[in-house]
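Novice: One letter stands for each residue in the lines below.
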Amino acid sequence: MSGASKTSMERLEEKLCTRFEQAVPKRVNSDSHFVWRGRNLTADCLLQIGSVQYLIRFEQGAIKECRRGLPLMCSWDFAVRGSARAWEELWQDPPKAGWHDIGALIKRGEMTMEGKLHPLIANLQYFKDMMELPRKGGSK
Amino acid sequence: MKKTAVEPIVGRYTTVSIMGEDCRIYFEEAGQGIPFLCVPTAGSDTRQFRHMMCDEDITKKFRVITFDMPWHGKSYPPVGWEKREYKLSGELFMQTIRSVSAALGLDRPVFMGCSIGGRITLQLANFYGKEFRALIGLEAADYQTTWYDRKWLHRSDVHGGEVSAAIVSGLLSPTSPEVHRQETLWQYMQSGPGVFGGDLYYYHVDSDLRGKLGGINTKTCPLYLLTGEYDYSCRPEDTLRTAKSIPGAKAKVMKGIGHFPMSENPAQFKKYIMPVLNDIVKREKKS
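For the protein sequence lines, the chains are A and B, in the order given.
Residues 143 to 282 in my numbering are what the first sequence spells out, letter by letter.
Residues 130 to 416 in my numbering are what the second sequence spells out, letter by letter.
Bear in mind the hints are in silico, worked out from the structure with no lab data behind them.
Keep in mind that a hint or two might mislead.
Computed list of lysine to any residue pairs in SDA-like fashion (alpha-carbon distance at most 25 Å, straight line) [said to hold, decoys possible]:
hint, chain 1, residue 1, chain 2, residue 2
1, A, K258, B, K400
2, A, K258, B, Y277
3, A, K270, B, S285
4, A, K206, B, K280
5, B, K280, A, D186
6, B, K400, A, P236
7, A, K270, B, W281
8, A, K249, B, M318
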């Protein structure tokens with residue numbers, strides 16, 4: 143596909159990925175308290191924004207790697223996948239009611255959690271806060 | 130040394146027989162006038178009502194009373210708790226409220242409950258409406274779907290307090306004041322093991338009330354339903370659908386509020402609860 147023929151969905155995904163990459167991992171790793179909160183977390187996460195996949199490797203609360211696209215035959219512990227609209231709405235400031243939290247997005251079928259969920263659930267607020275970092279300002 | 134202001138809330142204990150079991154109950158009260166009994170959300174405690182109990186606009190006309198359910202806050206579980214799993218049923222919930230009300234000698238109180246307390250408001254209206262002057266259900270509906278497996282709330286390898294707070298954190302409005310948001314979550318981090326999940330047994334398993342509320346008579350006992358727009362557990366549409374099925378029920382959606390109105394945004398909640406309380410006072414004067 144040529145660059146000139148990008149669809150509106152592809153443009154939206156690109157915009158969302160740029161926002162995500164500007165916030166993560168920098169704003170996690172530069173915040174010592176944020177890292178401390180995740181000190182018991184060492185796991186590999188697949189995070190999906192629309193059709194774009196990221197591999198995020200957590201090590202004791204720090205993000206050791208955050209790469210767009212998965213390497214061949216890559217393993218991961220758990221996945222969080224959301225539609226482009228889900229992330230776009232989640233990152234509004236303030237977000238609209240019913241689109242403002244990953245639980246709300248799961249309930250409306252716009253997001254899923256898959257795989258070995260223990261590390262995710264045991265560190266759920268850490269993850270929620272990380273996933274909301276691209277929301278400018280916000281309530282945090 | 131400068132003296133600091135002391136809040137008017139007074140807390141005491143009493144032992145109440147609930148369905149044949151003695152339970153030491155902690156309760157708080159403030160104000161005088163119409164008895165006004167309040168029950169918090171699942172897994173939480175009396176602290177959710179602290180703002181209302183310090184608001185003279187409310188306490189000059191109402192004696193506001195709230196209590197920790199058995200297993201919660203400063204109330205103990207019944208003797209032998211260590212040999213059973215806590216599961217709240219609708220029947221136990223109703224009888225707990227009625228027993229505490231009777232033990233405190235309350236004469237047809239106004240009752241207000243939030244979340245599971247909102248759901249039980251509908252059952253109280255259905256079975257025991259004559260025992261109350263008015264019923265107020267916050268975040269109340271006859272049924273709603275969930276988005277998580279409550280088994281995660283009580284495991285030896287997951288911190289129960291932290292996961293409970295993390296699960297409910299999204300039910301708070303992102304526009305509520307941060308200090309009150311965090312206070313509400315702190316309450317969730319402090320319940321006993323399995324207590325939040327045990328309350329949710331009632332919510333998720335033992336309380337599908339669809340088509341079962343035909344006994345409600347809002348002429349005998351008015352029913353008010355208030356739900357926050359950011360509540361995706363009990364969504365505004367769940368409450369409005371429920372209200373539509375109950376002749377005479379009054380429902381309103383609260384802007385900028387989530388699942389914990391009195392706790393997460395007391396100033397915004399006051400805009401919605403005061404008209405209800407004024408309505409109740411007006412009705413009292415007529416009768």
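Novice: Take the hints in turn and mark each one as holding or not.
Specialist: Hints, verified against the model:
1. K258/A <-> K400/B: Status violated; Cα separation ~45 Å.
2. K258/A <-> Y277/B: 15 Å, holds
3. K270/A <-> S285/B: The hint holds at about 22 Å.
4. K206/A <-> K280/B: 31 Å, violated
5. K280/B <-> D186/A: 23 Å, holds
6. K400/B <-> P236/A: 21 Å, holds
7. K270/A <-> W281/B: At roughly 16 Å apart (the allowed maximum being 25 Å), W281/B and K270/A satisfy the hint.
8. K249/A <-> M318/B: Answer holds: K249/A to M318/B is near 23 Å, not above 25 Å.
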